[in-house]
Amino acid sequence: MLLKLGSMLAVVAAWFGLSLLLPDTVLPGPWETLKVLTENVVDGQVHEHLLATLGRVLGGLALAMAVGVPVGIVMGLNRFAEKTLDVWVMVALTVPSLCYAILAFIWIGLNETAAIVAIGLTSAPSIAINLWEGVKNIDTRLFKMARVFNASRWVVVRRVLFPQVLPYIMASLRFGLGIVWKITVLVELLGRPDGVGFQLFYWYQLADMGQVLAWTLLFTLVMLFIELVILQRLERRLFAWRPEVRL
Amino acid sequence: MSREATDNGIRVEGLIKEFPGQRVLDGLDLTVADGEFVCLLGPSGCGKSTLLNILSGLDGDYRGSVRFGGQPMAPGGKPPVTIGYLFQEPRLLPWLTAERNVDFALENSRVPRARWAAIKDRYFALTGLQAFRHYYPHQLSGGMAQRLSLVRALAIEPDVLFMDEPFSGLDELTARRLRVDLLDIWRETGKTILFITHNSYEATFLGDRVVVLSRGGIRDQITVQVPRPRDYDDAALFQVGKTVSATFIEAAEAAERDRH
Ligand SMILES: Nc1ncnc2c1ncn2[C@@H]1O[C@H](COP(=O)(O)OP(=O)(O)O)[C@@H](O)[C@H]1O
Ligand SMILES: [Mg+2]
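Residue numbers (our numbering), protein chains in the order written: chain A, 1 to 247; chain B, 1 to 260.
Hints in this document: simulated from the structure, not taken from any laboratory.
Heads up, a few of these hints could be off.
[Claimed, not checked] So, partial list: chain A residues that the calculated Cβ filter (under 8 Å) puts toward chain B:
{"id": "1", "residue": "Pro70"}
{"id": "2", "residue": "Leu142"}
{"id": "3", "residue": "Lys144"}
{"id": "4", "residue": "Met145"}
{"id": "5", "residue": "Val160"}
{"id": "6", "residue": "Pro243"}
[To be verified] Straight-line alpha carbon distances no greater than 27 Å define the calculated DSS-like cross-link-like pairs of lysine-lysine that follow:
{"id": "7", "chain 1": "A", "residue 1": "Lys4", "chain 2": "A", "residue 2": "Lys144"}
{"id": "8", "chain 1": "A", "residue 1": "Lys83", "chain 2": "A", "residue 2": "Lys144"}
{"id": "9", "chain 1": "A", "residue 1": "Lys144", "chain 2": "B", "residue 2": "Lys242"}
{"id": "10", "chain 1": "B", "residue 1": "Lys78", "chain 2": "A", "residue 2": "Lys144"}
{"id": "11", "chain 1": "B", "residue 1": "Lys78", "chain 2": "B", "residue 2": "Lys191"}
{"id": "12", "chain 1": "A", "residue 1": "Lys83", "chain 2": "A", "residue 2": "Lys35"}
All of these numbers come straight from a predicted model, not from anything done at the bench.
The beta carbon of each residue, even a glycine, is placed where N, CA and C say it ideally should be.
Bound-form chain A, shown alone (with noise of 0.2 Å):
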């Protein structure tokens, strides 16, 4: 924690360092940043812009998972499921993000359905894969132990497979929220009129760095607490029985 907020400090006062030798046109400081993400809340434009972008991340990821998910556990239990699937998910993971957001917004329309959908079946790939690896580290032998023991099915399912994959699923998790958030603001900026990514393309238009710095560093705040103080509370209260890892 200490070492986190070390770092966090260095990175800021780098940040100020070099704001010193930039024009404020190149980069303004952090103390002009903060200022003009403080006017923005005061102004009240934050929370339109901020709650857009958060509904479609969520939109997004919820989406990304709902096809992810299966499909991953699916490859990583099913030898002839993962044959069968591999190159698709390999070549939905090679196709750049811009395409499924362009497609989507001709196939679609200009809306919020288009939106989600570009930016959820572009993370899915890479959360499908994140739980193939994941599940071929489960322990099938515990598979074995359960029928002998009479579990039908279900119960195998529910309550040995399951809290098995649970760990694999919260990790795609933080790891789909880091790809959702970056191509939400892509598709933002490409068909969008409201949303972070909106906001940054129009100031990155007017050339005002002071704005674009300012909506980048809310984001990342916004995010950081989702991942530090939301999910990683959750995982500890989720995961209580493992042993401790200290590294």
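Please arrange chain B with the ligands on chain A, whose structure you already have, making use of the hints.
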């Protein structure tokens, strides 16, 4: 515990099991009497686990007949008696406490819920694990974890206990203690036990009878007539152990020759 006097013996006749490219069991005949403790001794890869998989209903792809107490088991079906199983590793669910691991087995068994508490008290006490009921498996030593899996196997009130090299992953001192405990429990419960091992002296110490397996069938059988309770340092026991060991090595070497 009052149990109706049913016969829980096992009778296997002409058991044939093939995997692609090899016949692992080739017309195996084996009987285990009700309440008998039989040790099955055989070199690695001779089909011991394969046999237990078939007997416990995990593998229905075989030929031959399997009967429990005279009732036939349909190929692909479940055994007509309740089976308790001990694996070489404890195979506990790591996210459940010791007690919840036992509950997991109970929930899938025919034991009425009203009796669970008493059963658990009994076997946790018998294995010396009372104080560890709320521990997670990773907090238990190897010996304790294997004891816990013994509790789990006994809690479902099995008619027959299958044990597949359950002590081979433990250090010798822990394994010795567990063998003594197992014999105590066996004396108290009178279960029919089929115990698999590749350790001749373990087989001799535990079994009423040691069946030496090799090349897909039974090579030899040795009845251990040393009275119980047995002592590790008993000279008579050691003598039988030597005979068993010699037979075992002979069988293993014969199997080796066949392979080449
Ligand atoms: N699922 C399987 N598919 C193919 N061969 C198998 C399988 N399980 C076991 N075998 C083979 O059957 C033989 C007996 O295995 P096993 O019963 O596990 O031996 P052990 O006596 O050591 O328990 C070995 O040669 C093993 O390679
Ligand atoms: Mg084996």
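Consistency of the hints with the structure:
| no. | hint | verdict |
| --- | --- | --- |
| 1 | Pro70 | violated, 22 Å |
| 2 | Leu142 | holds, 6 Å |
| 3 | Lys144 | holds, 7 Å |
| 4 | Met145 | holds, 4 Å |
| 5 | Val160 | holds, 7 Å |
| 6 | Pro243 | holds, 5 Å |
| 7 | A:Lys4 <-> A:Lys144 | violated, 43 Å |
| 8 | A:Lys83 <-> A:Lys144 | holds, 24 Å |
| 9 | A:Lys144 <-> B:Lys242 | violated, 35 Å |
| 10 | B:Lys78 <-> A:Lys144 | holds, 14 Å |
| 11 | B:Lys78 <-> B:Lys191 | holds, 19 Å |
| 12 | A:Lys83 <-> A:Lys35 | violated, 54 Å |
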